[in-house]
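J.: Going down the list, the sequences are from chains E and A. Per our numbering, the very first residue in the first sequence carries number 766; after that it's consecutive. Per our numbering, the very first residue in the second sequence carries number 29; after that it's consecutive.
Don't read these hints as lab results, they were simulated from the structure. Among the hints, a few may not be true.
[Stated by the list, open to error] Taking lysine to aspartate or glutamate and the EDC-like style, the derived pairs with C-alpha atoms no more than 20 Å apart in a straight line are:
no., chain 1, residue 1, chain 2, residue 2
1, E, K1013, E, E1025
2, E, K857, A, E153
3, A, K143, A, E153
4, E, K941, A, E46
5, E, K939, A, E325
6, E, K939, A, E47
7, E, K860, A, E153
8, E, K929, A, E325
The primary structure of each chain is shown beneath.
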Amino acid sequence: MKAKTVDKIATSVIVVLALFIVIILLGLLGFIMYRGIGHISWNFLTSAPQLLKGGGGIGPQLFNSVFLLILTLIVTIPLGWGGGIYMAEYAKPGKITSFIRLVVEVLSSFPSIVIGLFGLLLLVNQFGLGFSLISGALALAIFNLPLMVRTTEQAFRAVPKEQKEAGLALGLSKWKIITSILLPVALPSLITGTILASGRIFGEAAALMFTAGMSSPPLDFTDWNPTSPRSPLNPFRPAETLAVHIWKVNSEGIGPDSKEVAAGASAVLVILVLAFNLSARWIGRVVFRRMTASK
Amino acid sequence: MNNKLKPRRPLKEKHYWEEWTGRIYTSICVVFLIVVMFSIVYFVASKGLSTFFQNGISISEFLGGKTWNPTGEPAFYGALPFITGSFITTLLAALIASPLGLCAALFMTEIVPGKGKKILQPAIELLSGIPSVVYGFIGLSVIVPLLRSIFGGTGVGIAAGCLVLAVMILPTVTSIMADALSALPKGLRESSYALGATRWQTIYRVIIPTTLPALLTGVVLGMARAFGEALAVQMVIGNAPHVPTSLLESASTLTSVITLSMGNTTMGSVHNNALWSMALVLLVMTFVFVILVRLLERRNRV
């Protein structure tokens, strides 16, 4: 009798606390949307920020975030997929492999601010890249690589063994098997993992403050020559991203509407990150259907 | 037609090259990872240690000094306020998040396995997708005013910092704990029920003790994330350079000081080097957390 009462009390406590978490989540999302969505307009999304007077937008920041994401993916996809393939297909169990595993684990546990500082020291100062999109993209690549390696390894390990054995039976080389048999099968999970990682890159700020910089030069969106200093495509210009902008507006915003700008920008950021997460699942399913001809 | 006339390259040679491109390419990727990790450690350590070896500040003064006044005359480089700030916020955040995470994980795996997972799993994934600056923004516009209206004062401080961190690490803690619980062999659970134990007795006497190392792994990974988090904490903690005496007092963490001061100091100055020493403390703590996770995993296997 007593044990049953305790059981009931414990169960209800667990249920209440679990629902509490759902309420926190709905509250957070609701709050961000409630505060921010009214401020989002075409003008807000496209115009440049105003430092002292109101009415500024987040146009350049939004562009910088997207451009930086593309640059980062150009660096991380070949390296991350390659590293993951090594871990799944070439690495033999032993001391060296477990050492590499430790390296990946340590690298993924480094705080992003430490990676930002490393970028400041090596990329910005030593290599003379300055506060630039390139520095930011390389720092984000470091931040992102361990995650990419891990998801790639899992994707390749999940491919049924028979597929590989069939390839070996045909007398194909290992690399041929990897690129033409395993890669297509693993591709849906690879794409899903990459998009999910992109969501994380998109919201990252601490690693970027010291590498991509906290300012954006006035951009001329009619100038698409990547070498001119005011061109949005120039990879050697400083670039403040959306997440960094939110931080800056919140902690040192002096404009009259800095609270609204922060709220609007936060809502845009959250909507984009959610879009990344949802599209990752959707695209993964579509590609899977294409690749495997299953319904 | 034409194909037949062309002399084909010997199969063996073609294979040979294909084999080596793959091997070399993927190995370069892995070597790159190793080089990056070691260069991070090397650069941060060489910068961080120069405070002690070049600028002549003793390690005990840095780790134990209560006064941080790098611009004063004489200058003081005591990082104790920030070290305590980091540890207190991390521990409190873990204390709040672990029971909540455990309840959520139990809810998903033990109480309503099917439906509970359907409700909570997406919720947790969404929470983990929210960027840290947005958490900072929420802290600044919800938690700080709330604390201000309840307890008075400014509202910024350790309490606000650890509440924000607790929500941030909740997804990490919950998902790892849920994985640990669902990996438990079914037989254990069923034999406990067969003995007539209630669900709570099963959870409390069988499930939690057997999965404890794995559950703690979740807590440690959450703490690692909280310890290294910079911007969200910096926005709500107030950033005052003294050892806090109450939870509602403004304080600083290692990350928040680095964030605020790194841009305003010149490379190579003592002040700048002291900030690098703090980064080194962060780095060392990362290794401590990794070692802790490894130890827990080893216990889990036995």
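J.: Hint by hint, note whether the structure agrees.
T.: Quick rundown of the hints versus the structure:
For the suggested pair K1013/E and E1025/E, the alpha carbons sit about 13 Å apart, so the restraint of at most 20 Å is met. Proximity of K857/E to E153/A is assessed by CA-CA distance (about 33 Å); at most 20 Å being required, the pair is judged violated. Taking the CA atoms of K143/A and E153/A, the gap is about 16 Å. The hint holds against a cut of 20 Å. A C-alpha spacing of about 7 Å is found between K941/E and E46/A, which places the hinted pair at or below 20 Å, so the restraint holds.
For the given pair, K939/E sits about 33 Å from E325/A by alpha-carbon distance, which is inconsistent with the 20 Å threshold. Annotation: proposed proximity of K939/E to E47/A holds, straight-line Cα distance about 6 Å (limit 20 Å). Between K860/E and E153/A the CA atoms are separated by roughly 34 Å; this puts the pair beyond 20 Å, and the hint is violated. Proximity of K929/E to E325/A is assessed by CA-CA distance (about 31 Å); at most 20 Å being required, the pair is judged violated.
Checked against the numbered hints above, the structure breaks hints 2, 5, 7, 8 and satisfies the rest.
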